[in-house]
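Add chains B and C to chain A, keeping to what the hints say.
Protein chains in written order, with this note's numbering: chain A, -15 to 291; chain B, -15 to 291; chain C, -15 to 291.
Rather than coming from a laboratory, the hints here were simulated on the basis of the structure. Treat the hints with care, since some could be wrong.
No distinction is drawn between identical chains; accordingly, a pair holds when it is met within one copy or between any pair of copies.
[As the list claims (entries may be wrong)] Here are the simulated EDC-like cross-link-like pairs (lysine to aspartate or glutamate), alpha carbons at most 20 Å apart as the crow flies:
#1 K175 with E18
#2 K85 with E15
#3 K134 with D194
#4 K107 with E(-3)
#5 K239 with D201
#6 K85 with D270
Please read these numbers as outputs of a predicted model, since none were measured by experiment.
If you want the building blocks of each chain, they are given just below.
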Amino acid sequence: MTQGMNNLLGLREMSPESIVEVLDTARSFREVLERPIKKVPTLQGTTVVNLFFESSTRTRISFELAERRLSADVVSFAASGSSVSKGETLKDTARNIEAMKTDVVVIRHSSTGAPHFLSRLLKSPVINAGDGINEHPTQGLLDMYTMREKFGELKGLNVCIVGDIVHSRVARSNIFGLTKLGANVAVCGPKTLIPDYLDQFGVKTFFDIDEAIGWADVLNVLRIQLEREAGGNFPSIREYRLYWGINIHRLERAKRPLVIMHPGPINRGVELDADVADGNTSLILDQVTNGVAVRMAVLFLTGAKSS
Amino acid sequence: MTQGMNNLLGLREMSPESIVEVLDTARSFREVLERPIKKVPTLQGTTVVNLFFESSTRTRISFELAERRLSADVVSFAASGSSVSKGETLKDTARNIEAMKTDVVVIRHSSTGAPHFLSRLLKSPVINAGDGINEHPTQGLLDMYTMREKFGELKGLNVCIVGDIVHSRVARSNIFGLTKLGANVAVCGPKTLIPDYLDQFGVKTFFDIDEAIGWADVLNVLRIQLEREAGGNFPSIREYRLYWGINIHRLERAKRPLVIMHPGPINRGVELDADVADGNTSLILDQVTNGVAVRMAVLFLTGAKSS
Amino acid sequence: MTQGMNNLLGLREMSPESIVEVLDTARSFREVLERPIKKVPTLQGTTVVNLFFESSTRTRISFELAERRLSADVVSFAASGSSVSKGETLKDTARNIEAMKTDVVVIRHSSTGAPHFLSRLLKSPVINAGDGINEHPTQGLLDMYTMREKFGELKGLNVCIVGDIVHSRVARSNIFGLTKLGANVAVCGPKTLIPDYLDQFGVKTFFDIDEAIGWADVLNVLRIQLEREAGGNFPSIREYRLYWGINIHRLERAKRPLVIMHPGPINRGVELDADVADGNTSLILDQVTNGVAVRMAVLFLTGAKSS
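Excised from the complex, chain A in its bound form (with noise of 0.2 Å):
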């Protein structure tokens, strides 16, 4: 029997048995997207709000499949247009979403906090969608779905994250979650991007991308934020591409393939080379698969607990 969960607000304030938990109940949820039907009867007559606060395409479609999977009613909102340019606060949305008598609430927003602070007003469980540069919990899960299902177990393996990491809510949710279950963490990107709190979470820093491939089973190589970097993070992307890119000659320096994962959308060419991201040891289209899964498991969970 399951215990379910009252929210997902990050893998920092959960449990390593909660983890697991989640990540045992996608298993079943993965085998029936295999299905001719990949239908279940789950959530029927359960309403899910989506409050997209900030834009999103692939999240936004993975937690509607997610929903529409389980049978849940799905009601979507995205921040233009909407009563949130007229002023309104987040809990005079929030709370009367909630009296329209829902049950589960998914929330992207972009400041840090916004789910948690739903979560206190909300009777309804919460879900983080993506909250500001904190947490991305459901991808956090997707990523380790995704190395416990090739490795089998995520004691011991060594995985880096490549990198903006300072600004990166994946990142962070992978170190929690990771470090949790026993994996060791590192992460490899310029000394610009790279945080200092690191140290009390054990994690480890490379700022030479060889040294770090030396040393990894799994590089979870981040996007770079174009947009952000002109910033001046880096001198330009050409020369972010010639240290920190991954590519194929560089990977042949590793001792054994290395496993390669990616949260999407890849700017091919820059972070990583197109040959990679297509080559036979790269995991990103499982991840894309597992996401529906690991949040069929995520809404499954939450929503038995309300209901």
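Here is chains B and C on its own, set in the frame of chain A:
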């Protein structure tokens, strides 16, 4: 047995009996919303089209939830990026959508009379979700439902609508509906925002908010449209708040606890203080919940008629 | 037993037998649309993704209705605010969406050949909902369905397409499809808007609208894209109307009542006068209704193949 309705264009056009029929029907849907499975098969196989030519979050979500909980198929349409911007007439848009064999049309439009125009063209029932500064009949009905639930009946109830009356379709729908069921209706606000046609409907006017508070059982406080009021209908937001804003001190002067309502979204600290909006005589969140039930009733009564 | 289709990319690529199969299959779905419950369980548990990289109301709504009436799960995606604006390639977007285990992809794109490109990458069937100035095959099929319903068969029928032929994917799909089933096809419009490759398809050209009217059984009148024509393909809207606009006086010179079609949205009073568009030989609203049935047929034939 219900009689059903051909359309819901406005409360001005409705008989008292039809209004009561909606309110009575809504009561059974209100009960559905308290069940674990908040869904009934009433409109299965029926297609409802939401034509929102004016942006809206809460009204659209409320209608969509009502439609899904009746098991209707839902197609939504927002004005931006649509054929409308290609210069198509409302008539052509509507007839095209009807030619796709849809069953019920919900329309929100910035032009007064757009739903009435449509209803003459279409065989499908038309539901007005707000037209210009004319009416917002489902808001009027949900306000009436909420007062009736609180007080048992509307006859003899003293309801004062506060704020920008002249531009408010909510005010108009309240006035038409409440007077038909025997409530005493007053308005209160700055002289520039009170229309001069109210006498003919037997509506009282207060220019002093404290007098209004002394008279009323219910204050239905309207949103001040900050954008619009920049135009100069009153000197400043600060002054509006000072003279017309509802706060706890003002309410203490009332003889009995006043019921507070607001159609949302609230400008907290302008027309309504936070402690009043969240206080124990506020029915604001009940209005939101009841809105779904009332819209289910209207969809049921018009949809049943059509099939 | 149906054979099914792998994709619907264009009528140019289709055999006459496949075209007839779609039209015959559409007939049974057309009957479904006359039932009180317009829904069949055919694609239950199947997920259809609508990728609309080009804005569209009527085509998108028609597809969504077709999908819902086949009981498919529907995920829609519009270009604005999507990963596309983050510079993701079409290939990555498509492969990611397929990795979410979707079953059928409907794509509308401003680039000619985008659906063909996708179909080479994806295992899922791809349906072209309009690509650049190449084809709009479901529009072509619904036009053919509508003519066949009216006249019994297409063989020997004289169809004249009027307007901006050179930029029209509707014209191209009509030409490819109609000629394959033995209709005689002509085009008529200003010289600047008639392409020079038409001879090879056996298409006749008229530069005089009255001659075209004397020859045709059907006029398929195209929309003048007012935005584009400002570019100078003809002197003015007024002049276009004078020389090419279809009005009642012009039609009276025809030997027999001409059937009028238009893919919509109509510029009333430009390419087509209101009394002709709404007259009793106009099949314009039939086209809209038949469009849903034809799209149901295409989704069924491709979706059945895929599962």
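Do the hints match the structure? See the list:
{"no.": "1", "hint": "K175 with E18", "in the structure": "neither (43 Å within a copy, 55 Å between copies)"}
{"no.": "2", "hint": "K85 with E15", "in the structure": "between (31 Å within a copy, 12 Å between copies)"}
{"no.": "3", "hint": "K134 with D194", "in the structure": "neither (23 Å within a copy, 71 Å between copies)"}
{"no.": "4", "hint": "K107 with E(-3)", "in the structure": "within (19 Å within a copy, 40 Å between copies)"}
{"no.": "5", "hint": "K239 with D201", "in the structure": "within (10 Å within a copy, 74 Å between copies)"}
{"no.": "6", "hint": "K85 with D270", "in the structure": "between (35 Å within a copy, 11 Å between copies)"}
In this structure, the hints that do not hold are numbers 1 and 3, in rising order.
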